[in-house]
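*Asks:* Each chain is listed here by its residues.
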Amino acid sequence: MSLPKIARIDRRYLYILLFIFVSFPLFVPLKWPITISQHTQNAYDFTETLPAGSIVIESFDFGPSTITENRPQAKAHIYHAEKLGLKVVALAYWPGGAPIGEAILKTVYGSDFPNIPEYGTSVVYLGYVAGNEVGMQTFGDNTWNAKGTDHYGTAIGTLPLMQQCRSAANFSLWAEWTSGDPGITQVIQFVQGRHGGPSEVPIITGATAVSVPGIMPYYRAGQIFGIMNGLAGAGEYETLLVESTYGYPYMEALALLDAQSVGHLLIIAFVIVGNIGYAISKYRGGKGS
Amino acid sequence: MSVIVKRYIPLAITFVMGIIMVIATYFLASGTPEREATSLLTASVDILVATAGIIGLVVLLRHHGLNISRRGRFWKYSIITIIGVALYLTVGLYAIATHGRHLMLSQEFFSWVYSEIYVHMDMTIFSLLAFFIASAAYRAFRLRSIETSILLIVGSLMLLGRAPVGGAIWQGFPTIASWLLDVPNTAGNRAIMIGIAIGAISLAIRQLLGVERGYLGPERK
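Protein sequence lines correspond, in order, to chains U and D. The numbering used here puts the first sequence at residues 1 to 289. The numbering used here puts the second sequence at residues 1 to 221.
Calculated directly from the structure, the hints in this document are not laboratory data. There could be a bad hint or two in this list.
[What the hints assert, rightly or not] Examples of chain D residues lying across from chain U (beta carbon under 7 Å, computed): (1) S111; (2) D122; (3) S135; (4) A137; (5) Y138; (6) L143; (7) L159; (8) A163; (9) P164; (10) G167; (11) A168; (12) S178; (13) N185; (14) N189; (15) E219.
Every residue, glycine too, gets a C-beta built ideally from N, C-alpha and C.
Next comes chain D alone, as it looks inside the complex (with noise of 0.2 Å):
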């Protein structure tokens, strides 16, 4: 394939789309013909995004299948993987087939597993996070600098400022709380937030201008 088709042309695409997008965002009124026409062409992304699920699918299987044909790292995970891909699929289908439309529709059976299991098991696995953070704060959590310290007393300040008991040991606690995500947690956030606004915007005048390419993959010489 010559480097015109794999990368000039892609180039042009992102350029010319990249421009679309910032004259109609800076340069058009809302609901104008021409702002709806772009409106339009974002909404085209869901066929992306459904194309990027297709080849989502097909990934994890191929993953998961040479995993387990060369008996790889966790290959008995693999099978259960493969087979939960496999089952939450075939209700997926059968809810097509039954209602003749798309997966997320309100179909009894396909919400049931999504309800009764799925639900379930992430909720299980998220709040094994409350074992761990007490684990941790029992070890890991210690006045070893000034740094540290300062983590500790503003951390069980905020634990105490944001739960009931907090209140009713002293009324302090909420008001402290409140003020200390108010006031320089916003601060520090906001520093943040600017500094990866500009490196964002500096990121995206070098892709339009196709200085960055690295989500082209890698160049072959």
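If we strip away everything but chain U, and leave its shape as in the complex, we get (with noise of 0.2 Å):
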């Protein structure tokens, strides 16, 4: 086949080849090395800065579609947390994320979750907290004010962590789990410019890799400390994880980096071969579409 033909060729072919080149890495692992991004070691070292105790909020505002990329960050990052003795206090502003969330805790905190001993002590899961940015806002005013009770239907009043979490002058970080709106420009803009800039409610965030430049401008800022980019940024936290003291079992998306990679180098070789069938099309006065 002339390589004009093969810039014409049918793309059901294509997505053969895409699916068996991705499809490879899951059954046989390549086991690239990670590198570390500034992004990903700033979010891992503030967490580490954090003393025992400290209340951070973790919010789950992302539903199924995104769940490869911001599962495992939410996972790596409560793991983290729960390792370090720091106190969480979970949430989803979008509904879709709730039972999601829920999942997330009860592989870190174990099945029985909520029914373990230092379920309201040490932890707490309020679930689906409805309206959005307004939600956000009434949650970091008067955190009390933004939901009556927990997601397993306990008033909150009665937990003894969420006596001590009564607005955002109470949160020493807002983990933000994010594939859109409202995310963490919301949280930006309705939590911490309301209570005192990033010095009074400091924000990490694991976001989707294709939002992840919308969001650049307040990284560089110093509005949020922390990013986790996508699928990368969750297995670069993992490694992390998994080369300090703390270990880490679960390995979610360094097991998928690998045919991201070979996903990535695909598509290149789409473009290359693309291009190349486009340029001798063009040469010879073809179309070359």
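With the hints in hand, could you dock these two chains into one complex?
*Replies:* See below:
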């Protein structure tokens, strides 16, 4: 087959090629080394600086469509927080994020969650908090006004951890796991912006790779302390945990990064071959589309 | 209905509420009783959101019901939509009946329908993007001009820099990708953000002053 013809190949062949190439590393891990970006390193380092007992907000603001990127980010950070002895108040401003968040907590704290001794003192799950950015603002202004009960129907006033968590002044860190709105931009505008800025409400985030370029100005301005950039960022955080004294048993992102690498290589190969075919067609006076 | 009820009262409500929020945000200190009062006001948005949810359900059922009765475009999919809504609503109502509380409470069957059906369907649809991107990269990502050439080179550098294989080939790829994100991307996005913010402020002022009335619906003479 000549190159101009290859440029006009039936797209179904491309789909089959992509399927085969992406599937291969899932069965035979290639284990390419992970380079830690400064964005992820900063998120890890800031979490490390928090003293045991600090209150961390973990907000699951994503849906099933981006679960592959956001779930490993949130899971790795909550695991880290648990190992550091931080107190976790978890919630979701996306209705679809609430069941996913609960599943993550069950993975980290055990399948009996919330029926565990530390529930209510070291960890609380509020579940879905309604109102989007208004819900975020209310939660930052007066936590108890945002939601009366936790995910399981217990009045939050009866939970010892929530006695200490009354407004943004009590948050030592807001960890935002996001793939859209409401998400990191709204936390900055409606929580951090209303309560003294980055020094009073530090934020780290894990965002989908496609949305990270849009939040980089906040990071460069110092409003976000660290970013996990998509699946790669989650893999970097998992690597940092594995190399630390905590260890990390889940390895969700690291298992998928080889497949992502192969997918990226294949797309670059497609671009090169497509352009060679296009150039030859153009040279011969064809359309080359 | 008089123009006072349809136009002037909503405009007055918008103005008063807007001014209260401006004062609360810029002039009231955090933790003061006045600020707490405005916090309660914003919390009441939940009531409006819940009402909008019910309206959304009614509109959806009406739209797809009419489509089925008229045998409109893709009317068979409308049947699936209504069955899906009815089934999940039934499961949710069952959750209320058994728990006596709202839908998002941890009710096993409700969670199961979400986790084992909806999550997988949504993930499947989203994952199809990979195939479209591959096809688009092959067919549309062409070196047609200087601009597309720059886009292609930068895109390829990002693809290599943001996956482990890039670092395995050459350690410079991740560094270049980080620089692209941190510097040129930030500069461009910052400009867009500032433009959007200025536009949003001017729109807010126009709405507060009643100049912009599009949110009230079409004006009938």
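*Asks:* Could you work out which of the previously given hints the structure breaks and list their numbers from low to high?
*Replies:* 15
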